[in-house]
Amino acid sequence: MNEIKHPEYIPVHVILILGAIFMLFPFIWMISTSFKSQDEILSTTKDIVLLPDSVRPEFFNGPEEADRVERKKADAKRWEEEQAKPESERDKRVRKPFQWLDNYTYALTAQPFYRFFLNTIFVTITVTSVSLFFASLAAYAFAFFKFPLKDTIFMMLLGTMMLPQQALLIPNYIFLSKIHWVNSYLALTVPWLASAYAVFFLRQFFMQLPKDLFDAAVIDGCTRFQFYYKIALPLCKPPMVTLAIFTFLSNWNAFVWPLIVTNDTNLRVIQVGLSYFSSEAGTRWGPLMAASTMTILPLVIMYFLAQKQFVESQATSGMKE
Amino acid sequence: MPNKTKVDWGAYLYLMPVVLILVAFHVLPIFYSLAVSFYEWDLIGSPEFIGTNNYKQLFHDPMFFKSIWNTIKYAVISVPLSIFLSMGIAILLNNPIKGIGVYRTIYFIPVITSINAVAIVWNFIYHPDFGLLNKILSWFSIDPVAWLQDPDWALPAIIFMSVWKGLGHNIIIFLAGLQNIPKHLYEAARIDGASRWQQFKHITWPLLTPTTFFIFTMSTIGSFQVFSQVYMMTPRGGPLKSTMVVVYYLYRKAFEQFEFGYALAMAFVLFMVIFACTLFNKLYLEKKVHYS
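Chains as they are written, first to last, in the numbering used here: chain P, 1 to 321; chain H, 1001 to 1292.
Please note that the accuracy of each hint is not assured.
[What the hints assert, rightly or not] With a straight-line cut-off of 25 Å between C-alpha atoms, the simulated BS3-like cross-links for lysine-lysine are:
#, chain 1, residue 1, chain 2, residue 2
1, P, Lys146, H, Lys1201
2, H, Lys1073, H, Lys1241
3, H, Lys1006, P, Lys230
4, P, Lys73, P, Lys92
In short, the hints are calculated from the structure, not lab data.
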């Protein structure tokens, strides 16, 4: 054991573990709150209760909890009794006892989140696949072909990466409204189908492929497009995956652009839906945390499946939202 | 070899999709918006040419100066804080310890999650009555703070959350930089009896300056463009407009008050500020960067 041989690393672990708790705790708190009833959330107790009442197993409740468990059972019984009565005689003040998934069902019924998910998945997959295809075509041309103005066009592409994004927001909006694309899937996808950064990134990898391979293949009768999809693309799979994850991530989390170009509920993507739900739900923290959890979960699952590529895609990009 | 000299005219076909979209949505809009910034236009009526009036008005707009000042405060606090913390954690992670992969995974999670979702979570953490932060502070008998509703605390609260969100990203880049420093330098220093602090001061810090410079430049640019967390956590610019940052003010002018020309003038001034900062970094700070 490294740690036993080197006790000087124990303080290092202590600091790193404290840091890790700090990084993770907001998420743990979010998930925990998403299973809590409004009463639990709005309690002003000084304790941090991580295990929500609704998912706490019976045997977990110590003797000091007996009162509360009794009350919970009584509430449930009262609700059942009320339900047994005919509609007109029911006491409206008796509320349905909180079930563990109630916040999730509330969020899903208050806003068409499933629709937002489908929109996001559609936009993300379209942009990721098409922009990668377009970028790889251009990168391939830059790496293997000879043509006039090659360097000029390449420098122009690099130049677009330095343009201020917020200065683009307004003219693009004006342009899209002139061609009647505002509130359409076209507005959500088309402007993002080309990425100068992706072209630059992939070109670096295509340049590393031996030029002789290309010349030999062309002499043997391989067309340029065949060389692209049969040889060049398969050889550049790792950078393509890295780029795909980076593009997927930034599109899934895209907010400002879809916020501006759509105001039709049916076209909302998940991040915009979440922001509207946040101003609408106000202090209903349970459903809000449930919605946040649902927004984050697909990404976190993907992250755990392809951690290495995720980290690489960020480390190589040097970009932040 | 005939291929060496032959021009591949087909190349333009390969470039066409990317070039067309970039020209339409990234290049032309810049020129277009520069033109619109000299007009008064609400998008519905016809644009009216007013020369440099938008710019003149901008320099007499106290809210614009307040937003610039708030943005500078945001940058000046968040960038060094994030660099200090992420460099520290990266140095700790660069030790030959177990579980680096686990730590790296955990520290990176906030980076991949969406700013909107985590902003909602932090809104709840900062809640004056039921928030986690005030609960924890109450253990130390500290009176509850209204955080996002308090003009003194709203901006620091947003900064704190933003540093938490971006930390993992900087850690990964610092780790890559640290792994490029040759191990034998440390061995030689240890043989010469250098303390840990001396090793840091004379090896790690100078050899890490290219990475630090890169992160510093990118985070400064990023912090001048901060928007989403401000939009989500402090609607309408926060208490006493204490979190009104430039991009949020620009967004309100354009998409809530429909003063497109004015907003575009602001976008250009912002761009000039970012450009000046980057130029300053490049010309002045990069002299202190140690490139091997």
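Structure-based check of all given hints:
no.	hint	in the structure
1	Lys146/P / Lys1201/H	violated, 49 Å
2	Lys1073/H / Lys1241/H	holds, 14 Å
3	Lys1006/H / Lys230/P	holds, 23 Å
4	Lys73/P / Lys92/P	holds, 19 Å
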